[in-house]
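Both chains are given apart, each in its own frame, so use the hints to dock them into the complex.
As you go down the protein sequences, you meet chains R and L in turn. 1 is the number of the first residue of the first sequence in the numbering used here; add one for each residue after it. 1 is the number of the first residue of the second sequence in the numbering used here; add one for each residue after it.
Hints may be right or wrong, so weigh each one.
What the hints assert, rightly or not - DSS-like cross-link-like pairs, simulated, lysine-lysine; straight-line CA separation at most 25 Å:
#1 R:33 to R:77
#2 L:65 to R:77
#3 R:52 to L:36
#4 R:33 to L:14
#5 L:65 to R:151
#6 L:123 to R:33
#7 L:65 to R:33
#8 L:65 to R:147
#9 L:65 to R:16
#10 R:47 to L:36
#11 R:112 to L:79
#12 R:112 to R:173
Everything labelled a hint here was simulated from the structure, so no lab data went into it. Every value quoted in this text rests on a predicted model; they were computed, and no experiment measured them.
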Amino acid sequence: MEYDELITSQLSFIGKVLSVFSHEINNHLAILKESVGLIGDLIELGKTSSRKDLKEILKITQSIKNQIEQTTYFCDKLNGFGHGMEEPLSAFNIHKSIDELMVLLRRFINQKMICLEKDFTANMPLIYSNPLKIQFLIFCLVEKHLKRLDKNSRIIIKTVYSNDSIGITIIPKGNLIETDEEVICKDEIYKHIIKQLGGSISQKTADETTIMLPVSLFSSSKQK
Amino acid sequence: MKKKEPMKKKKEIKVLLVDDEIAFVNTLAQRLRLRKLLVDTVYDGEQALTYIKEIEPDVIVLDLKMPGLHGIEVLREIKKIKRAIQVIILTGYGTDKDEEEAKKLGGFDFLHKPADIDLLMRKIKEAFSEKIERAMTAATFAEAGDFDEARKIIKKEK
Numbered sequence: 001m002e003y004d005e006l007i008t009s010q011l012s013f014i015g016k017v018l019s020v021f022s023h024e025i026n027n028h029l030a031i032l033k034e035s036v037g038l039i040g041d042l043i044e045l046g047k048t049s050s051r052k053d054l055k056e057i058l059k060i061t062q063s064i065k066n067q068i069e070q071t072t073y074f075c076d077k078l079n080g081f082g083h084g085m086e087e088p089l090s091a092f093n094i095h096k097s098i099d100e101l102m103v104l105l106r107r108f109i110n111q112k113m114i115c116l117e118k119d120f121t122a123n124m125p126l127i128y129s130n131p132l133k134i135q136f137l138i139f140c141l142v143e144k145h146l147k148r149l150d151k152n153s154r155i156i157i158k159t160v161y162s163n164d165s166i167g168i169t170i171i172p173k174g175n176l177i178e179t180d181e182e183v184i185c186k187d188e189i190y191k192h193i194i195k196q197l198g199g200s201i202s203q204k205t206a207d208e209t210t211i212m213l214p215v216s217l218f219s220s221s222k223q224k
Numbered sequence: 001m002k003k004k005e006p007m008k009k010k011k012e013i014k015v016l017l018v019d020d021e022i023a024f025v026n027t028l029a030q031r032l033r034l035r036k037l038l039v040d041t042v043y044d045g046e047q048a049l050t051y052i053k054e055i056e057p058d059v060i061v062l063d064l065k066m067p068g069l070h071g072i073e074v075l076r077e078i079k080k081i082k083r084a085i086q087v088i089i090l091t092g093y094g095t096d097k098d099e100e101e102a103k104k105l106g107g108f109d110f111l112h113k114p115a116d117i118d119l120l121m122r123k124i125k126e127a128f129s130e131k132i133e134r135a136m137t138a139a140t141f142a143e144a145g146d147f148d149e150a151r152k153i154i155k156k157e158k
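Chain L with its partners taken away, still in its complex shape (with noise of 0.2 Å):
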């Protein structure tokens, strides 16, 4: 009899929600949780850095005008610690040049308030594949021993 392959279990996404308007964040949590996603949820700037410091999301979508530190500040800051984690700004109140910081900086989307929670999902989706394709992408070059090509990759130069 053939023996039955073990099923390979899907990597799960981790997400973390950061935004100062808490009925939003929390609701828009637990239908994301309703989706399969690991989520979970801060509600400033600060509070996001000292998260990313102990535990790294995949993916983290990002407020732009909260209390303290502006979400400018913030993905700058997350890009200095964890470089590989993608952010999606999702803001009600994004200017252009907002739009052309936040690209500058590495963020992967910027979206608008209030979204669609397909085009999230599907925004977060693809943030995580080119994560984990940018880390598979690293690893084969480390692996032949261009540590310099794979720094560049996981850094996102060109």
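Isolated chain R, as found in the complex (with noise of 0.2 Å):
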């Protein structure tokens, strides 16, 4: 594996999740100038006198607000994923750093229109680990049912934790196409990225995957 290779690969991972961030801002900004600019439209047609004009008015002011609530939870999801990126290890919640790979790539996924859905385990507990190198994981392996999938499948992330390892299981359904899309983590990334975390990978079927991490719990003696 080329030291190069992986570093491309990784940034190609951030890449991607900052360029469909920054689409879902723009997207999200659009949506407030054009509230704001119809406010001001109708306060310009002189349309502002009646009750039904203020009922008008008042509607687009509380659509500011909840599109204002959803950039809040968009950015926060990127807040989380910078985080992750600060320090080699840290203590993390998987299942708060897979929702946030989800909601950073939803345009994304939304795009091939397959529909990414999760199955996590209840007992999951907070782990020491890296974060950034398991959410680029999970990309990789999302990544390469999505180029084969049809439109109108699924993708399923089940986890499982159980002495002291956990598992990540990425479960495709639907049809295949051919395709001769690149993607951006070839298999050889993805495996050597499982080497250096003391994983392996097994396969229940053909697409089905299975990662297993061995992972050290997070405990508050660490954060000494």
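Shown next as structure tokens:
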């Protein structure tokens, strides 16, 4: 595994997250701009005197408030993603990390008209590992299926925890299509990351992939 | 007494907005209607292609990244089905490659979100004027029997 290839691939992943994020934010800003603009239009036209006009303006201001809440939620996800890159090891909730990834890549996945679903175990403890590497691993496995599945398919991300190991299974459901689209993450890259994390990969069927990763549990003593 | 001449009714510009951001597209449509445009909305590329088979808008304002068909593919199909329709790309994502491709396919302009309403209005009016001028020039050539030239003008060939 060439070091350059690994770095390039990880940077492409971060670039994908950032470009999808900025696209989403541009859309949010466009909605806010048009909503504020519409209020301005109504005022200029003098459409502010009747009860009906005021109701219309209140409706628009409420939609602005909702949009700001959605944008804040979305920015929080990028904030979490950024914090995950600050240190090589940190304590984190893997379900939150996967959620972060799912929200940040939602637009990219929606374009393929594929539904990403989660089937998370209820007893996942806080783990001590590298969140970026784990998010990158999940992205690699999901991306592979995104390119090969037809529209209206589903990809399920399932997690388990047992004996100081976490298991992440990616289950594709749907029809396969022929494609020559390139992926950001080639097989040897994610296999290399699994090795770096001391984990293993197994396949129940041709498409259903499980990665098992040994993890240290987070305890407050590690904070000191 | 001098007979009053009937006022010529100005042709209304028919615009189709294509974007998967429903809140955005509906608000923008409302603002353009307040500016006396006839506006319809659809939420993806396939709906846009079905729409233009029935109705011919003068100008389409088209997003690029939508579920299903990419905006560039939609533009390519629009130009195959109804070449005369003017297409303005309005996107929050566009790359230089997309911009170049859109130009090659006959897109009228390429704008980035969030765009100013006055700028968008100006571009829609310019696109509409160009469409009308081209149709009139083509008609003049056709009347003179030069059908090849008329066809070239409609297809925007040099």
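Taking the hints in turn, this is what the structure says about them:
no., hint, result
1, R:33 to R:77, "holds, 23 Å"
2, L:65 to R:77, "holds, 21 Å"
3, R:52 to L:36, "holds, 21 Å"
4, R:33 to L:14, "holds, 23 Å"
5, L:65 to R:151, "holds, 15 Å"
6, L:123 to R:33, "holds, 18 Å"
7, L:65 to R:33, "holds, 20 Å"
8, L:65 to R:147, "holds, 16 Å"
9, L:65 to R:16, "holds, 14 Å"
10, R:47 to L:36, "holds, 16 Å"
11, R:112 to L:79, "holds, 24 Å"
12, R:112 to R:173, "holds, 14 Å"
Hint violations for this structure: none, all hints satisfied.
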